[in-house]
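Visitor: Here the structure of chain A is known, so what remains is to put chain B in place on it, guided by the hints.
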Amino acid sequence: MNFNPSFQAQKQQVLTLFGKAISSAQQHNREAIEKGLREAKTYLEQGQMVLVVCGEFKQGKSNLINALLNEPNLFPVDIHITTSLVSTIGYGETEKITVYFENGQSEQISREDISKYVTEQKNKDNQKKVVLLTIETPNPLLKQGLLIADTPGVGGLYKNHAEVSYAYIMNADAVLYVSDAQVTLSDDELKFVKKIESRCQNFLFAVTKIDRVKNYQLTVDNNRKKLAQVLERSEDSLTIIPVSSYLKEVYLESQDAEDLEDSNFPILEQELWQFLNQQRGYILILRALNKLAQYVSEIKQPIQAEWSAYQKHTQEELAQMQQQFEADKQKYQALLNDNAQWLTLLNDGMADIEKNFRNQFARGTSNIHHLAQQLLDDEQMLEKPEQMGNSIVTDINILVSDLSQEVLQQAEELQTKIEIASGLKLQQLAMEEPSWEFEHPDWSQLKNHEKLNWWDKTVEVGRRASWSSAGAGFIGGIVGGVIGGVVGLFSGGIATIPGAIWGSSIGASLVGAVSLPSSLQKGVSEMKQVERGAVKKELNIILKRYIDESLITCRAELDNGLTKLARSLRDDLKGRILEEKETAESSLRSIKEARKLSQEQAAKKAATLKAPLQQLSQLQGSIEQIAQDVIKQNDSATKEPEILNSDMPSQKSDEEITENYGDFADE
Amino acid sequence: MSRTEKLFKEIRKMPLFQQVIPMEASIGWPITIRKNGKVYAKFPFFGQKSTGNGEWDLTPPFATITFDWSNFIPVEYINLRFQNPAPELTWQGTIGVFPHSAIKQRMNTSEYKQKRQELFVMYDELFQALATGKSSKSKDREFSQLFSLLIEEPLIPYYRVIGKKFIDHFLIEI
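Protein sequences appear in the order of chains A and B.
Throughout the first sequence, residue numbering follows our numbering, covering 404 to 1070 in sequence.
Throughout the second sequence, residue numbering follows our numbering, covering 83 to 256 in sequence.
Be careful, since some hints might not be right.
[Said to hold, decoys possible] When the alpha-carbon atoms are kept at most 20 Å apart in a straight line, the in silico SDA-like pairs for lysine to any residue are as follows:
| # | chain 1 | residue 1 | chain 2 | residue 2 |
| --- | --- | --- | --- | --- |
| 1 | B | Lys91 | A | Pro1015 |
| 2 | A | Lys732 | A | Ala824 |
| 3 | B | Lys247 | A | Asp1069 |
| 4 | A | Lys977 | A | Glu437 |
| 5 | B | Lys246 | A | Lys977 |
| 6 | A | Lys1013 | B | Gln101 |
| 7 | A | Lys1008 | B | Gln101 |
| 8 | A | Lys1013 | B | Phe127 |
| 9 | A | Lys1013 | B | Pro104 |
| 10 | A | Lys999 | A | Gln723 |
| 11 | A | Lys947 | A | Asp1069 |
| 12 | B | Lys219 | A | Asp1066 |
| 13 | B | Lys195 | A | Gly1024 |
| 14 | B | Lys117 | A | Asp1066 |
| 15 | B | Lys95 | A | Pro1015 |
| 16 | B | Lys95 | A | Leu1012 |
[Unchecked claim] Okay, the calculated beta carbon distance ranges per label pair:
| # | chain 1 | residue 1 | chain 2 | residue 2 | range |
| --- | --- | --- | --- | --- | --- |
| 17 | A | Asp639 | B | Thr133 | 55 to 63 Å |
| 18 | A | Glu448 | B | Glu207 | 41 to 49 Å |
| 19 | A | Glu635 | B | Gly136 | 51 to 59 Å |
| 20 | A | Glu448 | B | Glu200 | 35 to 43 Å |
| 21 | A | Glu996 | B | Asn161 | 53 to 61 Å |
For the record, the hints were derived by calculation from the structure and aren't laboratory data.
All C-beta atoms, glycine included, are put in the ideal place defined by N, C-alpha and C.
In isolation and in its complexed conformation, chain B is listed as follows:
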C-alpha cells in the first residue's frame, strides 16, 4: 500500500478526526506543502449524501487537517466555516454531484478505484520529490493528467482556496 493511501486510512482512526470530523465525511485529495524543508499533506474534508440513483450530492469542504508527511502527526486543523476564507463562495448546501462527467464517461467503479491507487502512488513520488527537491517534467505531467481527471469537479473552486499554487500548477483541462 502506498504511504499516501495508508495515511488516508489512518486519518479515520485518529482521535482528532473523531473529535472534529463527522464519521460520514469524505476525504479529499491532499495539497502538498513544504515549509522550512519539511513536507506536509493538507487534506480537505467534505460532505456527501446519496441521491438514491447511484450518484452523490457533494457539499463544500468544511475543514482541513495538515499532517507532517514524515510521521503522520497532525500539525494544523482549520474549520473552514469559522475561517470563511472566501466569502464569495457558498460554504453550505449541495454544490454538485459525484461522479462528475469526466469519470462517468470514461470508467467504471473498478477502473476508478484502480486510478485512485495509481494517484496515491504518484502522490508518494511527489512527496518524495518535494523532500529531495528533484523531479521531472514528465512525472509532473503524469500527475497532472490523473489528478485533473479524478479531482471532484464541483469542489475545484474550494481546492483553489485551500491550495491555490498547487491547483494552478497541476490542474489542467481534461
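Just chain A, same shape as in the assembly:
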C-alpha cells in the first residue's frame, strides 16, 4: 500500500509547526499553552483512521489485508480456515499481539499462535471466550495512522461478537466490503450492506480472486447493478475494485511490475486513501491546525500588546489599551463565577438533550418490541431462532449507536452555542489579525466580527474531530470494560475530551449486556423440537424479557454517560476560559510595564520584540497556508462534477480580442 503523499506530507508539516510552537511557548514561559500544544500534537500523531474490512466468510478478507500490508503471513489464510472474531492491526514500534478475553484478562501471544484464537477450526464455538485480537506492528504502511479491523464473515458472525463487529462498522472512517469474483453478491449480503451503509457513508467494494475468473468484469458489473438498486444510488457513484491478493503476493516475491499491475492493488490503495483522507485525514489535520492557530495567537497576544504599547502612543491611548485588557480580564473572571450565564446555558442545554434522549429511547424501545414481534411472525425465522437473537442484538446496538450519535451532535451544537454566547469564539477571531499585517487597516465597526474563512473551517472541523472521536471512543468503550488500553488507541491518548469520555463510559458495560447469553441460545435451539405454536409463545416470553433487561441496562449506562458528558463539557469550557484569562492578564502586565518606560527605553524594548513577533507571524502564515491548501484540496475532491448541458447557449464570443496586448507594461 503506497503512502498517501498528500496526507503524510501535510501531517509532517503540521508536526514541524507544532515543534516550533512548543519551542516558542517554552521560550515565553507559557506552560499551560505548551501543555495544550503537546496534547494537540499527540492527538495528531496518534489520531487514527479506521478501516473496517467486512464481508461474507471465505471471501478472502484476511488475504486481502495481508496483501495490502505486504505481509503474506500475518492473518491465517488457509482455505479451510474461517475467521471467527474481530482482529485489529495498527502501528506499534515493536510487534505486539494481544488476545482479550470475556473475563477481562488479556494475554500476549506470538504470530504463530494467532490461528489458535481467531479461527473456528482451532477455537471452535469460541471455547476460549475471546473477544478481540489486537496486533501492533512496525509496518511502515500503518505509520500514517491507519487502523484496520478484520471482521468475521457477516453470515457467520459469531453470536457474542456481532455487537463488536457492528460497533466497528458503525464508527469506521471507511468500510471495505469484500466479495468473491466467482459469485455475485447474495441477497443476504445485499441486506447487510443496506443496513450498515446508512451509518457509514464511506463504502468501498473489493471483488477478490480475479486471478481465478476469466470474466470477472461480469461479476463486477452485476454487483454494481444490484448495489445500485438496493442502495438507491447511481451505478457511477459506487466504487468497486477488482483485485487479486494472490498476484500481489506473487509480486512481493517477483518484484515484477506487471504482477503488481495485474493485481490491481495500486488502484485499491489509491481509492482507500482518497476515502480516508476526505474524512478522517482532513478532520485530523484541520483540528490540529485549529489548535495550533489558537495557541500561537495566545502566545503572540501579550507580546503584540507590549509591542503596541511601545509604539508612539499617547498616555491616553495607553490608558485606553490598559482599560480594554482590564475589561477582558474582568469579563473572564465573571465567566468563572458560579452564576455565569454560560453555566445556565449549559444546564438548560443538557436538560434539553436529556429530554430528547429519553423520548427517543422510549420510541426506540417500542420499535424493538415491534421488530421482535415481526420476527416471531416470520415463519422462516422460527426455523432459525438463533438468527432471531442475532437480529435483536443488532437492532439494540443500532439504537444505542444512533442515540449516541444524536447526543454527541447535540452536545457539539450546545458547546458551539455556549462559546459564542460567552464570547470565547469571537475572542479567537479577534486575535487572528494583528494590525500591521493587514495590507490595509480594518476599520472599527466590524473588526471583531469578521470571519476568516479558513479559521472558521478549522473551528468547525476541529470541533467535529473532537466529537467524532467519541465514535472511536465508543468502539474502544464497547470493549473497554474488558480492554482498558484499547480506548487509548482510538482517542489519541487524549481521553479527556468530552466525546471520548461519553464513548468509553457508554461502551464499558455493553459487551455483557447486549448479547444473547449462551443459555438463551441453547434454550431457543432446543425448542426446535416443540410444536410451532408453543415455540412462538415461549420465544415471545424469552425475547421480551431479554429485550427489557438489555434495554434497562443500556438506559442506565446512557444516563450515566450523560452525567459524565455534562461534567466534561463544563470542565472543558472552564479550561478555555482560564486560558483566555491568563492571556488577558499577561497582556495587561505588558501594558503596565510599557507605561513605566521612557520613549528611548520603549524604542529599545520594541526592537527586541521584533524578532519573536516576526517568527510568530511567520508561524501563523504557515498555519494559514497549510489550512487553506487542505481545505482547497478537500473542496475540489468533494466537489460535484459540473454537468455540461449542450443545450445551453455557448459563451458569447468576445469580439474585442486584442492581439499584441500590453504596451502599457512594456519597458
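Guide: Relative to chain A, chain B alone:
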C-alpha cells in the same frame, strides 16, 4: 487563492522584505511590467498609522520591489527616498487617509475584502494576458473599474511616478 494574493502574502516572509521594509508597512497594488517577453510585478510599500477613530493616516511609498511573476524571485529593490524620482512631491509625512471616500460610501469591510479578492483574481488574468499577448477590452474595462475604485486615492500621484503607463491605461474616474 489567486497567484497575486499568494505573492502578496509571500512577500512578508522574504528575507529581503524583512531587511529593508518595516514590519508595519503596507503593500500597494502591483504595477505590471513586461521586459524581453517576461512579466514582472512591481509592488510599492507605504506607511500607515491608525488615527484611533477607524481611519488610517497614509504616508508616501518609500520603496518598491519588483518580482519575476513566473517564480516570485525579487529582481529589483528601489529606495524611493534615495532615488527621489519626483522632487515636486512630498515623500515624507502624512498625505491622506484611508479609507478614501469612494470606499467609505460604497461598502463595508466585508465587501471591501471581497472586492480585493476579485481584483487579485483579475490581476492573475492580467499577468496571464501580458504573458500571452492576448486579452480583451471588456476585461480591461472590468479591471479599470475595480482598480480605480480600490486604489488608495492619496497615493495616486505616487503610483503615477512608479508606473505612469499602467496608471494612464487603467485609472478612470469613479
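Visitor: Sort out which numbered hints this structure fails and list those numbers smallest first.
Guide: 5, 11, 21
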